[in-house]
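Q: Quick mapping for you: the protein sequence lines, in order, are chains A and B. Going by my numbering, the first sequence opens with residue 1, and the numbers climb by one from there. Going by my numbering, the second sequence opens with residue 1, and the numbers climb by one from there.
Capping the alpha-carbon separation at 30 angstroms, the derived lysine-lysine pairs in DSS-like fashion look like this:
(1) B:31 x A:190
(2) A:29 x A:358
(3) A:168 x A:190
(4) B:31 x A:168
Just so you know, these hints were derived from the structure itself, not from any lab. Since we're looking at a predicted model, the values are computed, not measured.
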Amino acid sequence: MSRPTAAQGEADRLLGPLGERLPAPVKGKPGPPLWLLAELTYRCPLHCAFCFNPVDFATREQELSTESWLRVLREARALGSVQVGFSGGEPMLRDDLEVLVAEAHRLGYYTNLLTSGVGLTEERAEALQRAGLDHVQLSFQDSTREANDFLSHTRTFDLKQRVAALIKRHEWPMVLNCVIHRLNIDYIDKIIDMALELGAEYLELANTQFYSWAEVNRDQLMPTQAQVQRAEAVAAEYRERFADRIRIIFVVPDYHGTRPKKCMNGWGQVFLTVAPDGTAMPCHTARMLPGLAFPHVDTMSMADIWYASEGFNRYRGTDWMQGACVDCPEQANDLGGCRCQAFLLTGDPAATDPVCSKSSQRERVDAVVARAEAADPAQIAARPLVFRDPKASRQLSGRTQGSIPPTPSRPARLPESSP
Amino acid sequence: MSGTADGGRPIETGSARLDDVPLASVPCVAKPFRLQFETAQDAWVLLYPEGMVKLNGPGGAILEQCDGEADVMTIVARLQEAFGRTDLADDVRGFLAVALGNRWITLT
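Produce the complete structure using the sequences and hints provided.
A: Listed below in structure tokens is the structure:
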């Protein structure tokens, strides 16, 4: 018997807020798709201005059948998927949610429900518990009623407090997820106080990542460096002080850092998303990338999707890399960063993530941050947010990703020829 | 759910002490963790909200015994028999101390 350890001192970090670290990807055959994200629907009662659903969601109304989802769950489990997240949109809007959770539980998944709380009644909570649901992640938009209603565009704050109490009554571990941005980042202490009051075991303070709707609203949502630093200090202080009660995760915003994130723990390494219409992708925003077709779960097996499809192999590992990534000693740490971010900021999905200080196009990120620093608060307040709703989606869905809304002061979004 | 970067707490090993794990105490895998064997990974794993800890062989063998009934002394005896060893008490207690520090188990 050798010394017992957790994987020789390494714990596996999946994509949630709670894990630690994944082993570096190995060359050759990828490991199993440990994390299956089942985006059951794009329908949602909220209208968050930072929603990560695609901007053109309203043009994709078709949803997979219950039978297809059950097959997806079985096939992915056979490949080694072990965490399943039921997400959306608002997954409570699928009335077969309990059926899917029950099958996932039977198959041996750890089952996670990612919800805004709307529709999570006592009755459905009991049904989900009977089905074997392991965990509920509740999203919060802010801690004050006014700000919350403003940012989610519906009156949901009271409901979320009720749902949090319901989660506690059913003894589910509760993760609160709060998206942080320019308009709420200065209230981070109040957000943490609220999480403590509600008895959350974990709080993920997720700084807005600028994709999809958040990208449309980037100027209004991008915090200043000073805001980020203050918020991080406040979070650190609380983390220390309440270490026994709550685990606080502060996800640093990309643009304010100098190292790119290992997006999704690497393309096609652990994470498999199935969109509401059955399209399988390495991440939930990957569909924006041009020149890349993603397979459909009704026409390809999950094994072929994961191991053989072009959509999952294109940016897997390091062979596709170019520019600063080639021969970079850090390439295994970050796997070149985020493909969607590279595309949105440079126009080239194979570029080095421009967040990286070694990128020849880092100036594009710096320009965005500089705009946030220089912005006149009154002007920001005067410009309305574009809320996620079907009407706005249809209006925006004709646009080219990354090119609208057109403002004269967005030079960073226009692709230039590479030096 | 976003693809988050760092921020997770590293596994704590520094403060683990054998004294924290008396031989007469009874360890049990704690909520919200769930221990299960994963064929695809050929390993025991601890699952928890949106995360997973992959255990090596000995780590899995120890946690598998933490059923809330066997005390540490019994677990040591079982493992020593299974592995044909007589000196595993400190290894087992050391690992359980780490597990306790990470709240994977409770002791009663």
